[in-house]
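J.: Read off the chains here:
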Amino acid sequence: KQEVTQIPAALSVPEGENLVLNCSFTDSAIYNLQWFRQDPGKGLTSLLLIQSSQREQTSGRLNASLDKSSGRSTLYIAASQPGDSATYLCAVNTNAGKSTFGDGTTLTVKP
Amino acid sequence: DTGVSQDPRHKITKRGQNVTFRCDPISEHNRLYWYRQTLGQGPEFLTYFQNEAQLEKSRLLSDRFSAERPKGSFSTLEIQRTEQGDSAMYLCASSWPFTGPEQYFGPGTRLTVT
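Chains as they are written, first to last, in this note's numbering: chain A, 959 to 1069; chain B, 926 to 1039.
It cannot be assumed that every hint is accurate.
[Stated by the list, open to error] Over 12 angstroms on every C-beta distance to chain B, these chain A residues come out as not near it, computed from the model:
1. Val971
2. Leu977
3. Thr1032
4. Ala1036
5. Gly1041
[Said to hold, decoys possible] Sample of chain A residues with no beta-carbon within 10 angstroms of chain B, all distances over it, derived:
6. Gly974
7. Asn980
8. Asp985
9. Ala987
10. Ser1011
11. Arg1013
12. Ser1023
13. Gly1029
14. Pro1040
15. Lys1068
[Claimed, not checked] Derived BS3-like pairs (lysine-lysine); straight-line CA-CA distance at most 25 angstroms:
16. B:Lys996 - A:Lys959
17. A:Lys1000 - A:Lys1068
18. A:Lys959 - A:Lys1026
19. A:Lys1000 - B:Lys936
20. B:Lys982 - B:Lys996
21. B:Lys939 - A:Lys1000
22. B:Lys936 - B:Lys982
Just so you know, the hints here were simulated from the structure itself, not pulled from any lab data. Where a beta carbon is used, it is the ideal one built from N, C-alpha and C, also for glycine.
Looking at chain A on its own, in the form it has when it is part of the complex:
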């Protein structure tokens, strides 16, 4: 059974800092991995999707990496802003699209 762990559970940083969020998974037989953002009481917004054959994906200030063999992914956020404050969720997916989520990292960026 796939298990996904995200560390840390919460993170508070001053504005402008670069930061890394971590995601680990137990079964390396994944189809792809997706990072989401969730604002309080809202649905999920997809940030980046990495296919199992890829090592990283970039979008603006975000960079996600994937090391399938070690069961790890990181989400790097450059030059953090208060608007980045949210919960960040990692999901690993089977080829049917079924997702197993971590419990998220709640990020607070202080002005």
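Given the structure of chain A, go ahead and fit chain B onto it with the hints provided.
T.: For chain B alone, kept in the frame of chain A given last:
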């Protein structure tokens, strides 16, 4: 592209009542997923459809839960004889795997059972 929509956004019900939620996926998406999320946890998979066929159900989906997607478009999730433990956010997502496996989520339906 109007995105994935869910209705209602909030539902308060008394224990023992039945509730039904609706999800309208992005129009060309043939896969539709239901997840449940409790406070402080990540979403948990409940079930998914490819067109009108329900292809997988989690063991979380007890016999009080039923989901349908009768014409391969919108889907409904019904909970019978609600319990306080059913209080959660119910999320729907859709995808079109042939152009990309990325899932697009709706805003969710927050259920409170009193």
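J.: Take the hints in turn and mark each one as holding or not.
T.: Against the structure, the hints:
no.: 1; hint: Val971; in the structure: 21 angstroms, holds
no.: 2; hint: Leu977; in the structure: 20 angstroms, holds
no.: 3; hint: Thr1032; in the structure: 17 angstroms, holds
no.: 4; hint: Ala1036; in the structure: 23 angstroms, holds
no.: 5; hint: Gly1041; in the structure: 19 angstroms, holds
no.: 6; hint: Gly974; in the structure: 28 angstroms, holds
no.: 7; hint: Asn980; in the structure: 14 angstroms, holds
no.: 8; hint: Asp985; in the structure: 15 angstroms, holds
no.: 9; hint: Ala987; in the structure: 15 angstroms, holds
no.: 10; hint: Ser1011; in the structure: 13 angstroms, holds
no.: 11; hint: Arg1013; in the structure: 18 angstroms, holds
no.: 12; hint: Ser1023; in the structure: 18 angstroms, holds
no.: 13; hint: Gly1029; in the structure: 17 angstroms, holds
no.: 14; hint: Pro1040; in the structure: 22 angstroms, holds
no.: 15; hint: Lys1068; in the structure: 22 angstroms, holds
no.: 16; hint: B:Lys996 - A:Lys959; in the structure: 32 angstroms, violated
no.: 17; hint: A:Lys1000 - A:Lys1068; in the structure: 21 angstroms, holds
no.: 18; hint: A:Lys959 - A:Lys1026; in the structure: 16 angstroms, holds
no.: 19; hint: A:Lys1000 - B:Lys936; in the structure: 15 angstroms, holds
no.: 20; hint: B:Lys982 - B:Lys996; in the structure: 19 angstroms, holds
no.: 21; hint: B:Lys939 - A:Lys1000; in the structure: 23 angstroms, holds
no.: 22; hint: B:Lys936 - B:Lys982; in the structure: 24 angstroms, holds
Going down the numbered hints, you'll see the structure goes against just number 16.
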